[in-house]
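Trainee: Here is what each chain is made of, one letter per residue.
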Amino acid sequence: MSMPRTANPRWKLALDVERCIGCHACSVACKVENNVPLGRYRTKVYYWEHGHYPKVTRNFLPTLCMQCEDAPCLKACPNDAIDHDARGVVRIDADRCENAGKCESACPYAAIGCDDNDIADKCDFCAHRTEVGMEPACVETCPAEVFHFGDANHPESPYSLFMKKYGKETAVLKPEEKTKPSVSYRGHAKEMEKKIPKGKLHDPYSYEIETWTALESQFPPPKRVMWAKVVRTADGSFTNDKPEAQA
Amino acid sequence: MSLDKFKRPKIVVTPPTPPQSASRRSVMKQGLAALATLAVGETIWLTPGVAEAATQECCITKKPLIGQRAAIRRISGDGRRKNDYTKAKIIKSVCLNCSTVCGIQAYVIDGKLVKVGGNPEDPNNGKSLCAKGQSGPTINTYAERMLYPLKRVGVRGEGKWKRITWDEAYDEMARRMRKAIDEGKPEEIAIQIGRSRIAEEMTRFLNAIGSPSLFNHRALCSSNKRAANYVCLGETDWETGDFANSKYILNFGTNLYEAHQGAIHVAKRVIKGRFDNGAKFVTVDVRCSNTAGRSDEWLCNTPGSEGALALGMGNAIMMAGKHDAKWLDTWSNVNAADLKKWIAQYTPEWAEGVTGIAAKDIRRIGLEFAAAAPAAVAFTNRGSGAHYNGFNNDRAVILLNAIVGSLGAVGGYCYGEEPTRVPPRVFPNPQPIPPSPKAKSAIENPEEWPLANKWQRMKVGQIVYRGLKEGRGKVQVYLSYTVAAPQTWPEGRSLTVDVLKDEKLVPFHACSDVVYSEQAHYADMILPDASYMERWGFDTRNNMELRDYVTLRQPIIPPPGECVSFVDVMIQLGKRISPETAKYFAFKDHEEWMKLRCAGLTARVGEDGFEYMKKHGVWQDMSKPKYYALYGWELSAAQMKDARVDEKTGDIFKANAAGKEAKIGLMVDGKPRRGFATPSRKFSVYHEDIEAAAKERKFDEDGGKGMPEYFPIPSIAKMKPEQLHLVTFKWNVHTQGRTQSQKFLSEIVHHNPMWINAKTASERNLKTGDWVEITTYRPHGHAMGPGAGEVLGTAVIPVWVTEGIHPRVLAVSNTLGNLFHGRAATATNGARQDLPVWNDSLVSEDQDLSEDIWWDPRRGGTGSGYNINAILPIQPAPLVGMQGWYDTVCSIRKV
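Note that the protein sequences, when read in sequence, are chains W and H. Residue numbering for the first sequence follows our numbering, beginning at 1 and increasing consecutively. Residue numbering for the second sequence follows our numbering, beginning at 248 and increasing consecutively.
Same shape as in the complex, but just chain W:
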């Protein structure tokens, strides 16, 4: 399954989000492909439910690294461990990463980060797949044909064909960040950009149903609905008191 490409492809991606059904296939495809640990994400789909009964709408927004041309993470890394590759993809040199965490603080899209026992990690458009002629895992599996990926230098690539038809209707996320993303969106709900954290990786809690109606990106414990209050007893076992709800 080879993609139309030039000798020197410039990988870009456009997402037609009106078609998205929020199925999370892209997220799970990515997790298995790249063995992304629980609680960490290269790609993540956000939900937003809004409106009043019975006129209720649900919007979805798949997010991933924007492969910015003017990438803040690249500039922030004190170890020069981040650079663009020949395809325009922002890549991490694992052996140079010293776990400094500056990339995470600099990213407006929650797309890069590391924890205290890890190297930095992020989406690289599945470079190991594209180099052997395969589509990125998320692109390949999408049942809704949301992802239009390909060589921007090739006029017949799915990306170029889509942009030719709908380019005028596309926009980047958070244009105010001026990072020149290589990923653009058609038909996304602008409000949902607020759900994507800035300077911090995706909050796993944002998968919870209680966050579907929220336009926030981070849910520290005081903001969470705590279903269970757990107490560790002296003998190491766990008990719970009456479960309490917190605002």
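Everything labelled a hint here was simulated from the structure, so no lab data went into it. Nothing here was measured: the structure is a model prediction, and the numbers come from that model.
To give an idea of the chain W side of the interface with chain H (calculated C-beta under 8 Å), a few residues: (1) I21; (2) C23; (3) A25; (4) S27; (5) E49; (6) G51; (7) T57; (8) R129; (9) M134; (10) C142; (11) P143; (12) A144; (13) P204; (14) I209.
If you only want the chain W side, here are some residues facing chain H, beta carbon under 8 Å, derived: (15) H52; (16) Y53; (17) P54.
Even glycine gets a Cβ: it sits at the ideal position worked out from N, Cα and C.
Fit chain H to the supplied structure of chain W, relying on the hints for placement.
Mentor: Here is chain H on its own, set in the frame of chain W:
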């Protein structure tokens, strides 16, 4: 250590009054109490050992980051693994992480399954898979897979096991089966299945031993819908909407973007229809599913009123003269004039009163639908079907297609020949083939629901345990496979568990499973199964491209440890029970069986059939045109040979194999045509068999009249103003009972509060995160069990306040609330317990499960959810027996 208090809802189940004695009641409570003290895994494990200590050290110690840190982060060594696809071996097979059965192509690198994608050659899904499909590779390397046969040593349900050999397992099972056969009671050997997809193999096995007792779950799934299609079309139980070519897609209660059977196949084409073909997409649902929330219009109706809505629309179309009278007069067994007279009673104004949808909207949508015809399709699934009146709801929706003449049309309500008939025809089973059993089972074929087994053996699965308890039938040997009835059955954690634990009612239970499931917990023997990526089988379903097709499931990698596929278990048993059974299993194993069957394909494809199937994973019959307007296909000269045409009616008759004359078609436009596979060879609006069955069972409600009448649901008709409807639903990343162990799926959805409408919540002073006690009641209605209107049970559950649900409806997912299935499913972060059933050299520990389950409540997470099925009553619909999942009446109280 006991985690159950905060992880699970408190559930109290009260048995129905009449047949229960006081002592019985106390036994049941003790049973539940005993269950509640069992923390996951605790009692099945013996002593912690070396492996656990090693795991903890590896996970907890912060190792310095050096060199290719990739290898360090994950103890499995593949933390930042990059799959080298130049080294990958591609193997085609079929997904089974839900019943949609998408074709897959798997990538194997260095003997390890690293990735699956859709099989581009599969006509239904192509290269697409859903989240569940993508999660597949995590099943094979699941750290808590069962690896060895085990035999119970403690009390049943206590969880103490010892490892045995397969020979011991086979010998004991074969001995017990031989005894039942020798006693002349083969029907007391039963197999309980969930989503098995090996029905042909199981039928051969049971036929060989003479037992009819294959207990399935179709009545818990879709039997009303299937029965409705059989009545109307005769040909098949499942339609194939031509969505990609449609202009109007009218969805009655199908959550096709998340959970429909055929979900991805349908979703792909609905999206194409909507965005590439300009179709309007309207969804009728009591809850704002992702499907409803992404439709052009969401119509939120009263539960169980889908048929009334369809009839109201049909009325609007016919009264406006926008129906296809020519089609009805040619192809329907009730002509246009008669149908118009009958449907006159169901005005949109009447329908408004039943459905809660405004008459003007019913009229408007009906007329929009008719205007788009014949590229218009109205279809159903569980939202309309899982009701007391669901059979007629679905018939009324199918009728809408007939009214506008979109049956079989491009962009309309299409269908093909029954897909399950294709594999035995193209891939014939080896001779000798065992005859159908003579023995009868009142559990497999209960007389109260005469339409359950009329067109296909759909059964009434939800009454199996009640049937055993009431002594309706007996089992000596009970085998279970791909099922978690305590978790997924109505009254599962009460009645089902009660029966499974009772050694008098179930003297011997062997469970084949890949994980330690709730079903396995109550077994006497655990047979470690091969996952769907380690075994053989054919699969098929309706093809959205309207052609017959068959896919091959083949092992991508060998099963680990001593895992053996259930078909291979049956082959071994068949060989051992007696020479009489052994003659039907004269092949080495399932692979050889499949190879023999594939010989049937060789002539069609011009190469070795087995090699063809292994290479492509799918065969599609291109010899026939697409199944558009199948009813209008001309009968061939061969079919017309010796046929008789009734000059007056145009009916065509021919003697069948038994020499009896049967109607095989109709003369239409001067040509002999096959028509519908119904008794009249016409689309059946009316069906005499329904009226006859209703008369026989003394079912005197309007649902028994033979026409697709609307009739009310007795439990709902009797609802008090303060009472509410309780419905369930499925998440897009889960099935009911078999995906919660998969970490990447449970990471996305692991917790299922109860949906409640914002206005309803406000009236009760409830906000998101508050807890309520929910009380459910036993059902009223025809052939229901005792105790109508009495309390069934209570549960305590938190609420999620949303605008996206009907004000009188509460919804809790039918998934989650697992007691078993390992750490991801139970939100229990920590090292794998060391026990003799795991083996690190075969399946290694997974650092995700030992370190990173962030939804563990001890880490501030939301936990693993709530099982609501426990307090849903068993309520089979009249005549067909489908479970009325969405007919439950409840009340709530803030706690």
